[in-house]
Amino acid sequence: MADEVKRLTAELARNPGSLVFLALGETLRARGQLDAAARIALTGLERHPHLADAHDLYARVLADAGDVEQARDEWGMALRFDPKHIGALKGLGFVHFHAGDFDQALEHLETALAADPLDQTVVQALQTVRAAAEIAEAEAAAAAAETEDAVEGIADVFAGLEGARQGLLLVDLRGRLLGGGMRDGTDRDVAEPVAAYLAGASQEAERTARLLELGTWSWIVAEGTEGSMHVSQPSDATLLLVRRDRSVPSGRLAVFAEHATAVARAWLEEQQG
Amino acid sequence: MSLRFQRLLDVITRVRGVQGAMLVAGEDGLVVAESLMEGVRGNAVAALAASLTKRFGRAAEAGGLGPVSFLHLQATDGALLVVPAPEGMVLVVVADADVNVGLARLEMRRAVEEVA
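Read top to bottom, the protein sequences are chains A and B.
Just so we're aligned: 173 in the working numbering is position 173 of the first sequence, and the numbers increase by one with no gaps anywhere.
Just so we're aligned: 116 in the working numbering is position 116 of the second sequence, and the numbers increase by one with no gaps anywhere.
With the rest of the complex left out, here is chain B (with noise of 0.2 Å):
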C-alpha cells in the first residue's frame, strides 16, 4: 500500500513548480506517505495543511458551499494545494508561486481517484 501512495505521489511531483506531495491523515495532521524535494518540511506542511483544511472545511460548510473538493493558498513565494482523500486523508501539494495549478490539480484528483 505504501508503495502504491508513493508511486501516485511521485507522479505529481513531477509536475513543474511541484516542491512536493504528500498524503495527510485530515484528522490529526500526520504523514501518511510523502515525496518531498528537500528543504521542504514535512511534518509542518501535513499539519498546517490539515489545520486549515479543517478550518475552511467548516466555513465552507457554514456558507452552504458543502464538503470542500479543492483548496489553495496562494501565497508571494508559493502556493499549497490541498484535495480530500478516501479515508479522512487528505492530499496536499506544495508548489512554486507560478505553478500550473490546473494541471497540478488534475493530478491531485487522478491520485486521488487511485488511492480509492
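Bound-form chain A, shown alone (with noise of 0.2 Å):
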C-alpha cells in the first residue's frame, strides 16, 4: 500500500494535471490519512473544478471526518455535473440515511441502482435503509395507536354522557385537558384553543362576583349565534365546560351541565383516592 501510495505520488508530480490525483486520494482516505487525502482532493478541485468524481473524493473524505454537512454540499455539487454519479447518489443516500430522511434516502440508492444495477453495494445500502424505513414505520404506527389511547383515556372521563368527547370538557385552571373533547360544527377539533382561552376565567368569575359582592359563583353560560357553553367548577383547580348546539334550550343546557359537573367531580375524587 505504501508503495502504491509512492507510485501514486511520483506520477501525480510528473504530471499534475492528471486524473491521478483521485486513485492517490482515495488511496490515503482508504489508510486513514484524512488530511492528506483531504489535501490531494482540493488540489485536484482547483484543477478540475467541474469534475464529479473530485466532488465525490472529497465529500468522501469529508464523511469520513466527520463533516456530513459539507460532504452532503460536496456530492450535491458532483450530481450537478453528472446527475447520474453512483458515489454521490450513494452518498446522499447515505447523508439522507444519517438525518432518519428514509423516503430521500431510498430515493437516491433507487436512482443509483437504476444507474448500475449490478452495483452490489447500492444494493445492500438499500436493503439497509428498507429495513430501518419499516422499523421507523411500525414505531411511527405504534406512537400514533398510543396517542389514540391516550385520548380515548381523557374521553372515558364522560363516558356514556351525551358529547362526551365533542361538547364536554374539562381542563385545569392553567388550560391544561384533563378529560372530554371539544369539536365545532365543521368537527374541528378546538379543545385546546377553548381551554387556552378560558383558563384563568374562573379567577375572572371569582374576582367578578367578589367585586359586586354576588357571592361566589356556581356557573357562566355564554349564548352564541351558533350554540352555548356553560361553564362550571368541578373543584377549586379545575374547570368544566359544556358546549351544545342552539337546539338545545338553555334550561336544558343548565341541567346537562349540572349533571356532567356530578360526574366530573366523582372523577376528580377518584383521581385522588
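What the hints contain is simulated information worked out from the structure, not anything from laboratory work.
Hints may be right or wrong, so weigh each one.
Claimed, not checked - Computed footprint of chain B on chain A; a stretch qualifies when at least three of its residues, placed anywhere within it, have a C-beta under 8 Å from a C-beta of chain B:
#1 189–196
#2 202–208
#3 216–228
To be verified - Some but not every residue of chain B turned toward chain A, in silico, with C-beta under 7 Å:
#4 Gly66
#5 Pro67
#6 Ser69
#7 Gln74
#8 Gly78
Quick reminder that beta carbons are idealized off the backbone N, C-alpha and C, glycines included.
Two chains, each in its own frame: build the complex with the hints.
Structure, rendered in C-alpha cells:
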C-alpha cells in the first residue's frame, strides 16, 4: 500500500494535470490519512472544478472526517455535474439515511441502482435503508396508537354522557386538558384553544362576583349565534365546559351541565383517591 | 340620546330582582349610561362585565359558537347578565340570584333593539 502511494505520488508529480489525484486521494482516505487525502482532493478540485469524481472524492473524505453537512454539499455539487454519479447518489443516500430521512435515502439509492443495477454496494445499502424504514414505520404506528389510546383515556371521564368526546371538556386552571373533548360545528378539534382561552376564567369570574358582592360564582353561560357553552367549577382547580348547539334550550343545558359537573367531580375524587 | 338610554335602562330595572342596568363601552369598560340601585358600584360593574365578556367572547369564537349574544354569570347571592349592544357597547344587568332570567333577558334584548 505504501508503495502504491509512492507510485501515485510520483505519477502526479510528473503530470499534475492528470486524474491520478483521484486514485491517490482515495488510497490515502482508505488508509485513514484524511488530512493528506483532503489536500490531494482540494488540489485536484482546483484543476478540475467541474469534475464530479473530484467532488465525490472530497465528499467521502469529509464524511470520514465527520463533516457530513459539507460532504452533502459536495455530493450535491457532483450530481450537478453528473446527475447519475453513483458515488454521489450513494453518498447522499448515506447522508439522508443518517438524518432519518428514509424516503430521500431510498430515492437516491434507487436512482443509483437504476444507473448501475449490478452495483452490490447499492443493493446492500438499499436493503439496509428499507429495513430501517420498515422499523421506523412500525414505531410511528405504535406511537400513533399510543396517542389514540391516550385520547380514549381522556374521553373516558364522561363515558356514557351525550357529547362525551365533542361537547364536554374538563381543564385545569392553566388551560391543560384533563378530560372530554371539544369539536365545533365543522367537526374541527377546538379543545386546546378553548381551554387556553378559558384558563383564568374562574379567577375572572371569582373577582367579578366578589367585587360586585354577588357571593361565590356557580356557573357562567355564554350563548353564541351558533350554540352555547356552560362553564362551571367541579373543583377549586378545574373548569368544566359544556358546549351545545343552538337547538338545545338553555334550561336543558343547565340541567345537563349540572349532571356533567357531578360526573366530573366524582372522577376527580376517584383520581385523588 | 342620553335620556333615551336612561329610559330604556329604567324599563329593565323594573323587572323584579334587577338591581341595576347599564350601558358600557365594551372595549374600555367605561359607563355610557346607568340606572342603578344604591350600593351598586357602577364603574366596577362596567369594567368587570366588559372584561368577562371579552374573555368569554374569545373562548366562544374559538369553540365555533360565533359572537356571544348573551352572557350569564350565576353566583350564590346574585347574577350578572350581559347582552351586546350596537357600536361595540354591552348592556349589563346586575340582579338578585333568583331573578327571572328569561324576563330580564327579554327586556334587555328589547332595549338593545331600541338602541339600534
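Structure versus earlier hints - violations, ascending order: none
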